[in-house]
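Undergrad: Could you build the full structure based on these sequences and the hints that come with them?
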Amino acid sequence: MVWKKHDYDDIPGTYVFDGERAHSSYALNKLFYSFNKAQCRDEFNADPAAYCDKFGLNAEQKKLVVEQQFLNILRAGTNIYYMAKFCIPRGVSVQDAGAAFQGISGDEFKENLLKKREGLEQRLEREGGYWNG
Amino acid sequence: MVWKKHDYDDIPGTYVFDGERAHSSYALNKLFYSFNKAQCRDEFNADPAAYCDKFGLNAEQKKLVVEQQFLNILRAGTNIYYMAKFCIPRGVSVQDAGAAFQGISGDEFKENLLKKREGLEQRLEREGGYWNG
Amino acid sequence: MAKIIGGVTTSHIPAVGNAISEGLTQEHYWKRFFDGYQPVKDWLADKKPDVIIVVYNDHGLNFFLDKVPTFAIGCADEYQNADEGWGLKPTSPFAGDAEFSWHLAESLINQEFDMCTCQEMLVDHGFVNPMRVLFGDHEVWPVKTVPLVVNTVQHPLPSAERCYKLGQALKKAIESYPEDLNVVVAGTGGMSHQLQGERAGIIDVDYDLATMESIINDPSWFYKQSNAEIIEKAGTEGIETIMWLVMRGALVDKVNCLHKHYHAPISNTGAGVLLLTDGTD
Amino acid sequence: MAKIIGGVTTSHIPAVGNAISEGLTQEHYWKRFFDGYQPVKDWLADKKPDVIIVVYNDHGLNFFLDKVPTFAIGCADEYQNADEGWGLKPTSPFAGDAEFSWHLAESLINQEFDMCTCQEMLVDHGFVNPMRVLFGDHEVWPVKTVPLVVNTVQHPLPSAERCYKLGQALKKAIESYPEDLNVVVAGTGGMSHQLQGERAGIIDVDYDLATMESIINDPSWFYKQSNAEIIEKAGTEGIETIMWLVMRGALVDKVNCLHKHYHAPISNTGAGVLLLTDGTD
Ligand SMILES: [Fe+3]
Ligand SMILES: [Fe+3]
Numbered sequence: 001m002v003w004k005k006h007d008y009d010d011i012p013g014t015y016v017f018d019g020e021r022a023h024s025s026y027a028l029n030k031l032f033y034s035f036n037k038a039q040c041r042d043e044f045n046a047d048p049a050a051y052c053d054k055f056g057l058n059a060e061q062k063k064l065v066v067e068q069q070f071l072n073i074l075r076a077g078t079n080i081y082y083m084a085k086f087c088i089p090r091g092v093s094v095q096d097a098g099a100a101f102q103g104i105s106g107d108e109f110k111e112n113l114l115k116k117r118e119g120l121e122q123r124l125e126r127e128g129g130y131w132n133g
Numbered sequence: 001m002v003w004k005k006h007d008y009d010d011i012p013g014t015y016v017f018d019g020e021r022a023h024s025s026y027a028l029n030k031l032f033y034s035f036n037k038a039q040c041r042d043e044f045n046a047d048p049a050a051y052c053d054k055f056g057l058n059a060e061q062k063k064l065v066v067e068q069q070f071l072n073i074l075r076a077g078t079n080i081y082y083m084a085k086f087c088i089p090r091g092v093s094v095q096d097a098g099a100a101f102q103g104i105s106g107d108e109f110k111e112n113l114l115k116k117r118e119g120l121e122q123r124l125e126r127e128g129g130y131w132n133g
Numbered sequence: 001m002a003k004i005i006g007g008v009t010t011s012h013i014p015a016v017g018n019a020i021s022e023g024l025t026q027e028h029y030w031k032r033f034f035d036g037y038q039p040v041k042d043w044l045a046d047k048k049p050d051v052i053i054v055v056y057n058d059h060g061l062n063f064f065l066d067k068v069p070t071f072a073i074g075c076a077d078e079y080q081n082a083d084e085g086w087g088l089k090p091t092s093p094f095a096g097d098a099e100f101s102w103h104l105a106e107s108l109i110n111q112e113f114d115m116c117t118c119q120e121m122l123v124d125h126g127f128v129n130p131m132r133v134l135f136g137d138h139e140v141w142p143v144k145t146v147p148l149v150v151n152t153v154q155h156p157l158p159s160a161e162r163c164y165k166l167g168q169a170l171k172k173a174i175e176s177y178p179e180d181l182n183v184v185v186a187g188t189g190g191m192s193h194q195l196q197g198e199r200a201g202i203i204d205v206d207y208d209l210a211t212m213e214s215i216i217n218d219p220s221w222f223y224k225q226s227n228a229e230i231i232e233k234a235g236t237e238g239i240e241t242i243m244w245l246v247m248r249g250a251l252v253d254k255v256n257c258l259h260k261h262y263h264a265p266i267s268n269t270g271a272g273v274l275l276l277t278d279g280t281d
Numbered sequence: 001m002a003k004i005i006g007g008v009t010t011s012h013i014p015a016v017g018n019a020i021s022e023g024l025t026q027e028h029y030w031k032r033f034f035d036g037y038q039p040v041k042d043w044l045a046d047k048k049p050d051v052i053i054v055v056y057n058d059h060g061l062n063f064f065l066d067k068v069p070t071f072a073i074g075c076a077d078e079y080q081n082a083d084e085g086w087g088l089k090p091t092s093p094f095a096g097d098a099e100f101s102w103h104l105a106e107s108l109i110n111q112e113f114d115m116c117t118c119q120e121m122l123v124d125h126g127f128v129n130p131m132r133v134l135f136g137d138h139e140v141w142p143v144k145t146v147p148l149v150v151n152t153v154q155h156p157l158p159s160a161e162r163c164y165k166l167g168q169a170l171k172k173a174i175e176s177y178p179e180d181l182n183v184v185v186a187g188t189g190g191m192s193h194q195l196q197g198e199r200a201g202i203i204d205v206d207y208d209l210a211t212m213e214s215i216i217n218d219p220s221w222f223y224k225q226s227n228a229e230i231i232e233k234a235g236t237e238g239i240e241t242i243m244w245l246v247m248r249g250a251l252v253d254k255v256n257c258l259h260k261h262y263h264a265p266i267s268n269t270g271a272g273v274l275l276l277t278d279g280t281d
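Protein chains in written order, with this note's numbering: chain A, 1 to 133; chain B, 1 to 133; chain C, 1 to 281; chain D, 1 to 281.
Hint data in this document are derived by calculation from the structure and do not stem from the laboratory.
Where a beta carbon is used, it is the ideal one built from N, C-alpha and C, also for glycine.
Hints may contain errors.
What the hints assert, rightly or not - Distance condition first, Cα-Cα at most 30 Å in a straight line; then the derived DSSO-like pairs of lysine-lysine:
{"#": "1", "chain 1": "D", "residue 1": "K172", "chain 2": "C", "residue 2": "K224"}
{"#": "2", "chain 1": "B", "residue 1": "K110", "chain 2": "D", "residue 2": "K31"}
{"#": "3", "chain 1": "D", "residue 1": "K165", "chain 2": "B", "residue 2": "K54"}
{"#": "4", "chain 1": "D", "residue 1": "K47", "chain 2": "D", "residue 2": "K254"}
{"#": "5", "chain 1": "D", "residue 1": "K89", "chain 2": "D", "residue 2": "K31"}
{"#": "6", "chain 1": "D", "residue 1": "K233", "chain 2": "B", "residue 2": "K116"}
Said to hold, decoys possible - Some, not all, of what chain D presents toward chain B, calculated at C-beta under 10 Å:
{"#": "7", "residue": "Q38"}
{"#": "8", "residue": "F64"}
{"#": "9", "residue": "A82"}
{"#": "10", "residue": "G85"}
{"#": "11", "residue": "K89"}
{"#": "12", "residue": "P156"}
{"#": "13", "residue": "G235"}
{"#": "14", "residue": "H261"}
{"#": "15", "residue": "V273"}
Claimed, not checked - Computed spacing ranges between beta-carbons, pair by pair:
{"#": "16", "chain 1": "A", "residue 1": "G13", "chain 2": "C", "residue 2": "V252", "range": "50 to 58 Å"}
{"#": "17", "chain 1": "A", "residue 1": "G13", "chain 2": "C", "residue 2": "D278", "range": "39 to 47 Å"}
{"#": "18", "chain 1": "A", "residue 1": "Q68", "chain 2": "C", "residue 2": "K254", "range": "49 to 57 Å"}
{"#": "19", "chain 1": "C", "residue 1": "D253", "chain 2": "A", "residue 2": "G13", "range": "34 to 42 Å"}
{"#": "20", "chain 1": "C", "residue 1": "E229", "chain 2": "A", "residue 2": "K115", "range": "19 to 27 Å"}
TA: Here you go:
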């Protein structure tokens, strides 16, 4: 029983969805994957706890899902693409989820993204060859 | 629209399950694959024609399945492993299906197989190094 | 014989599809991003390719974690889009070319690429949004398609260099098909972005522009990087950009860049558009 | 470090499982076939390997034709057997070693084998019958398992040589695992048989014995053949024997053959059993 270390383990604030994480969160991801189907979403909404049991979630995982603790669900190792099938229909965007890791709002998160494009047109002008509006 | 020719096309009496065959028999194989589940077997048995429609079989394919024309089902390009899920529970072994291609009985087919081992122990004795009973 | 008439790159993020569906493409936030596609749309409308091979990753629609192929190829006559869990209306289905797909699969497997063949395949936003942004919306799409799926979700992923080599093998596969088909290869996804962790919100314009220049003129700069190095720069989801290398590997060494467009941010990402040909046009 | 203590080959046909379940192993038809396994069973009982990697093909239980990976590897803590459509009672589940499997998957993908990773996987008779014939029946199996699935059903298949190279990469993967594990690799399937077509009923003793000698002493004789050449000799289902090359590639060049057993016919097939080690025992 040896989970291998990886180069990417040392990148701060970054969780790579590898075998170790996928292994621990398999039941959670499987539950979220089922939400591709409307009938599964309805079945979950009718009785979230029972639906968690059906997918074999442990007590801790079940609590996170029933209480919709989106950030902690991500911390439990789930994949963001699978989580999105749970949080987006509940009004929590992927950007909101990303923002939560930094303790800021979704709007602040979006502003930070916009800041990264400041001076983009001038920059591309200097680079040359770019279509530039 | 070009199905590629293959070296194996020239081997007589031999049908390799390649893209061309799999493409034409996809719906048939999918129906047989469903028989892994007991509830699907039951559903088929209750109304074979309706079950064929559910899997999108064309009229010809449907006729073959409803009439249990095992040999023609194989000739229609299905894979023997998928067909086995249909014919074995109906008392037709894979050996019977193989025999049907030659117009002989399953028992004759088995006898032919036994003939191929005649003198096996002596042969292995000559080769040397074999466990030999 | 089939031939590759060009390669394109494009983002495939969900927000692009939403913006099209909601008629927002000329709104301030989106206008520059979408306007930058017009020359590629015009080129495609002019060239009318027979087939587009769309290189993308599935985000949990057709593939779940029970079966994650490194490389998968659609081998069907038709591909359906479907609800990814957000209740969006699927697009009309996409025509495939099963014979061509099977030829590609066989050639790739013979060249020691261990493909997963898919005779039935749901295509998600990673495939659909490139089609919508490159061709506009259609009841009957004006081109046949081959979905080519690269795992960029469940690590270990193929290396950037393996993706480039897949492209090189794909070129041989395409060019050995006896029918006269004009083929475009689209590399989708990226560019820099990270959706989760305290480092969420990465957009690295420098790295993105360097990647675009590399894709045009010197793909080895990009493909010599390890996945950990790319993730460190481009983010955990920015790693998707390795799929551009499949497109690039399928082109000639020296390409002609007909169009180059970069915009950021689109949703969480840097977005790059390239139109590359073999330089004979 | 993990090390490979031996390689075995075995048939995996359904009839073998049926004979065990029905208590027929000492009946005339079966006795010689089963008795020939005893030295391998004794060796395994003595060596008590920690893990067995079972190389087999799925026959339509875990994989359908919508997704056929060339090479797939189980990455789970447990693998369930299930009804294949004949109503047979499944065996008790098999323990996996997810950490070891993920290490193998990563090493193989880094060595440019485009694996499909499977975190949930039903194992069919191709896996179960080798386990039963090598270890006997158990409520709790005495060894952990890694299912390694090779597509031998939906052509195009990997070449025999690609299978051998996979074995060579598997050896490196195993030997780079830091935990002290004793590993056995089992190549299953074959030998000559053809289930359908007017040529059904092939058993080619000459070819089978030549294949066994090749696997022991000169695998290149076998792996230099194209799949069409192997099918011509061994039959459409006899092509399964290419999976033995995965096992063989994982061993040293010069092996010690501790046991060699051939029997025919079993159901439709020639059946070969080998026990190979690295010659230091
Ligand atoms: Fe994406
Ligand atoms: Fe088999």
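Undergrad: Compare the structure with each hint and give your call.
TA: Consistency of the hints with the structure:
{"no.": "1", "hint": "K172(D) to K224(C)", "result": "holds (23 Å)"}
{"no.": "2", "hint": "K110(B) to K31(D)", "result": "holds (18 Å)"}
{"no.": "3", "hint": "K165(D) to K54(B)", "result": "violated (43 Å)"}
{"no.": "4", "hint": "K47(D) to K254(D)", "result": "holds (21 Å)"}
{"no.": "5", "hint": "K89(D) to K31(D)", "result": "holds (24 Å)"}
{"no.": "6", "hint": "K233(D) to K116(B)", "result": "holds (14 Å)"}
{"no.": "7", "hint": "Q38", "result": "holds (9 Å)"}
{"no.": "8", "hint": "F64", "result": "holds (5 Å)"}
{"no.": "9", "hint": "A82", "result": "holds (7 Å)"}
{"no.": "10", "hint": "G85", "result": "holds (3 Å)"}
{"no.": "11", "hint": "K89", "result": "violated (12 Å)"}
{"no.": "12", "hint": "P156", "result": "holds (7 Å)"}
{"no.": "13", "hint": "G235", "result": "holds (8 Å)"}
{"no.": "14", "hint": "H261", "result": "holds (4 Å)"}
{"no.": "15", "hint": "V273", "result": "holds (8 Å)"}
{"no.": "16", "hint": "G13(A) to V252(C): 50 to 58 Å", "result": "violated (40 Å)"}
{"no.": "17", "hint": "G13(A) to D278(C): 39 to 47 Å", "result": "holds (42 Å)"}
{"no.": "18", "hint": "Q68(A) to K254(C): 49 to 57 Å", "result": "holds (54 Å)"}
{"no.": "19", "hint": "D253(C) to G13(A): 34 to 42 Å", "result": "holds (38 Å)"}
{"no.": "20", "hint": "E229(C) to K115(A): 19 to 27 Å", "result": "holds (25 Å)"}
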